[in-house]
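Please construct the entire structure, taking both the sequences and the accompanying hints into account.
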Amino acid sequence: MFHPGLGAIPSAAKQREEVKRIVLDAISAGTFTYTELLSAPEPWRTMALEALDGVTVQGSRPSYNGQGVVDWGGRPFRLVHVKPDGRIKVPVERNVHVPGSSVTKPERVWEDVGNIADIYDHPHNRQARQLLFAKGWPVRQTISNGNSIGDIVEWGWLQQAVEMGSAARPGVVELFNDIRGRMDAWEADRASASAERAAAAAAKSKKTNQSKEAATQP
Amino acid sequence: MAGVSAAASIQDALRDQRVEGIVESLFRNNEILGEFPSRPFTGGATINITHHYAGNTSVSTYDEGDAVGQAGSQSYLTASWPAQYYKGVISFTGHAQDQLRNGDPQAAFYDQIGQEMERIIPDMIHKISTDMLGTGLTAPVGIQGIVDSAGTIAGLSRTTYTWFQAFEGSSLTSSTAITVNDIDYAMASGADDPYEGNVTEIWTSWLQLRKYKAAVGNAGVANAPVQFPVGPGPQPIGVGNIGDVREGGWVGQTPIKAKRGLTNTIWLGLTKGTFFVGDMRDWTVDELAKNDDSTRFLVTRAVGLGCADPRKNWKMTGYSQT
Chain B
30 MFHPGLGAIP
40 SAAKQREEVK
50 RIVLDAISAG
60 TFTYTELLSA
70 PEPWRTMALE
80 ALDGVTVQGS
90 RPSYNGQGVV
100 DWGGRPFRLV
110 HVKPDGRIKV
120 PVERNVHVPG
130 SSVTKPERVW
140 EDVGNIADIY
150 DHPHNRQARQ
160 LLFAKGWPVR
170 QTISNGNSIG
180 DIVEWGWLQQ
190 AVEMGSAARP
200 GVVELFNDIR
210 GRMDAWEADR
220 ASASAERAAA
230 AAAKSKKTNQ
240 SKEAATQP
Chain F
6 MAGVSAAASI
16 QDALRDQRVE
26 GIVESLFRNN
36 EILGEFPSRP
46 FTGGATINIT
56 HHYAGNTSVS
66 TYDEGDAVGQ
76 AGSQSYLTAS
86 WPAQYYKGVI
96 SFTGHAQDQL
106 RNGDPQAAFY
116 DQIGQEMERI
126 IPDMIHKIST
136 DMLGTGLTAP
146 VGIQGIVDSA
156 GTIAGLSRTT
166 YTWFQAFEGS
176 SLTSSTAITV
186 NDIDYAMASG
196 ADDPYEGNVT
206 EIWTSWLQLR
216 KYKAAVGNAG
226 VANAPVQFPV
236 GPGPQPIGVG
246 NIGDVREGGW
256 VGQTPIKAKR
266 GLTNTIWLGL
276 TKGTFFVGDM
286 RDWTVDELAK
296 NDDSTRFLVT
306 RAVGLGCADP
316 RKNWKMTGYS
326 QT
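Residue numbers (the working numbering), protein chains in the order written: chain B, 30 to 247; chain F, 6 to 327.
For the record, the hints were derived by calculation from the structure and aren't laboratory data.
For each residue, glycine too, the CB sits at the ideal point set by N, CA and C.
Some hints could be false.
Unchecked claim - Derived pair list, reagent style DMTMM-like, types lysine to aspartate or glutamate, alpha-carbon separation capped at 25 Å:
#1 Lys43(B) - Asp71(F)
#2 Lys112(B) - Asp187(F)
#3 Lys112(B) - Asp189(F)
Stated by the list, open to error - Computed, partial: chain B to chain F, Cβ under 7 Å:
#4 Gly36
#5 Ser89
#6 Arg90
#7 Lys118
#8 Arg137
#9 Arg155
#10 Gln159
#11 Lys236
As structure tokens, then:
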């Protein structure tokens with residue numbers, strides 16, 4: 030994502046401008062992936078994330094003015110566990126009951142969102158970004174030089190990687206093929222569940238209307 | 006009944022009979038202030054720590070005759086750690102002071118005025134400790150807020166500045182019971198680039214420590230797994246001195262400390278040298294203007310927990326409390 034010429038730009042401010050341009054261009058071209066961004070070395074990773082979050086830096090202090098924040102138009106990132114039986118878990122804050130009592134306290138619990146999930150990345154909760162930074166495949170491998178292995182892959186990145194040729198990325202095609210099979214089944218399940226919900230809602234609505242009509246009969 | 010009787014005649018004499026001293030039956034948390042070194046504020050509302058997060062971008066290889074190109078520079082950002090002001094107010098009416106003899110040791114009563122002065126500080130330490138063990142991201146900042154992977158703390162968003170976030174994980178199994186492998190996973194991940202921690206202590210609740218000890222293997226349990234010596238000091242070969250839960254536990258050479266008041270579903274791996282207690286104002290007792298016939302004192306302290314490098318710590322969350 031970030032070309033070697035960035036290092037030749039003479040000032041940090043101008044480097045930030047160029048990094049921002051690259052990121053925004055990739056978003057408008059539909060080629061942006063978090064995997065590429067998060068795998069980038071510093072300072073490009075930080076500068077790119079500053080661009081996404083609308084952060085400007087004055088001296089050595091960040092300023093969050095809320096302008097220019099990227100919200101992806103409300104669209105989620107599709108994330109997939111690399112193992113067929115793996116589960117994606119996201120941290121959520123919940124009021125948890127002290128066992129057997131009416132007392133609750135806020136605690137962080139991990140919600141299982143499945144093997145494949147569309148994860149949102151709101152400006153106030155960058156959950157997709159966070160999952161990919163902490164557990165991304167191959168983000169973790171890249172950052173740690175292979176010392177640790179991520180287990181959640183960004184589907185958009187995987188598709189791009191396969192399209193762009195996989196010779197330099199061992200394991201990509203195999204993973205893509207494995208996930209594509211799962212993805213078909215997941216999408217079919219999702220469509221079926223959605224149709225069932227729609228049918229149930231329609232039936233409920235019809236019943237309500239019949240009740241209203243019956244009530245208004247003389 | 007004539008004469009002196011225990012049933013009726015000595016009540017006044019016995020009224021103030023008590024063993025000397027007062028037994029403390031109230032728990033006051035003081036689990037954190039003594040754990041970390043104090044760092045005085047040097048002016049302003051925050052302790053500012055500059056972080057170096059990227060090297061000179063001009064560093065590269067070159068061949069004979071190549072132009073040297075543009076100079077680069079290091080990259081820095083500043084984290085700003087706040088303090089929280091704490092207060093307590095004591096007031097004695099003139100009547101109370103007269104009747105308590107203003108703390109005179111010759112008085113027939115225990116020194117209630119002195120006790121009020123003395124015990125308000127543990128009350129405040131309890132409040133400070135509870136806050137510091139908590140999840141606060143703004144003042145009062147809590148250790149669980151510092152050792153976290155998201156949220157803005159010290160003025161830096163950890164989803165923007167990934168080098169400022171701690172490693173955070175959850176149980177590796179479908180169960181939410183602590184396992185030895187979970188701790189190893191956190192340790193390995195926390196030692197991994199970009200976290201690069203050197204965890205020196207693990208904190209958890211008494212409940213979780215007991216569960217961990219049971220996971221390691223308790224002596225006397227049928228079909229117990231291999232029993233690691235979890236007590237302190239060298240162990241005789243072949244003897245599993247499993248100790249008891251009060252001795253804490255060990256992960257290799259790293260001690261596990263049970264902390265009262267810490268959320269009982271989490272584990273924290275701490276590189277203790279990264280933490281500090283920012284001292285804005287030391288304990289201060291000021292006499293306030295009299296209010297009618299009452300004498301009042303204001304006790305204050307301004308203090309805040311901070312961390313020079315949050316990424317060198319880890320947190321495992323979501324463990325079962327049952």
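The hints, checked one at a time:
| no. | hint | in the structure |
| --- | --- | --- |
| 1 | Lys43(B) - Asp71(F) | holds (24 Å) |
| 2 | Lys112(B) - Asp187(F) | holds (19 Å) |
| 3 | Lys112(B) - Asp189(F) | holds (21 Å) |
| 4 | Gly36 | holds (4 Å) |
| 5 | Ser89 | holds (5 Å) |
| 6 | Arg90 | holds (5 Å) |
| 7 | Lys118 | holds (6 Å) |
| 8 | Arg137 | holds (4 Å) |
| 9 | Arg155 | holds (4 Å) |
| 10 | Gln159 | holds (6 Å) |
| 11 | Lys236 | violated (39 Å) |
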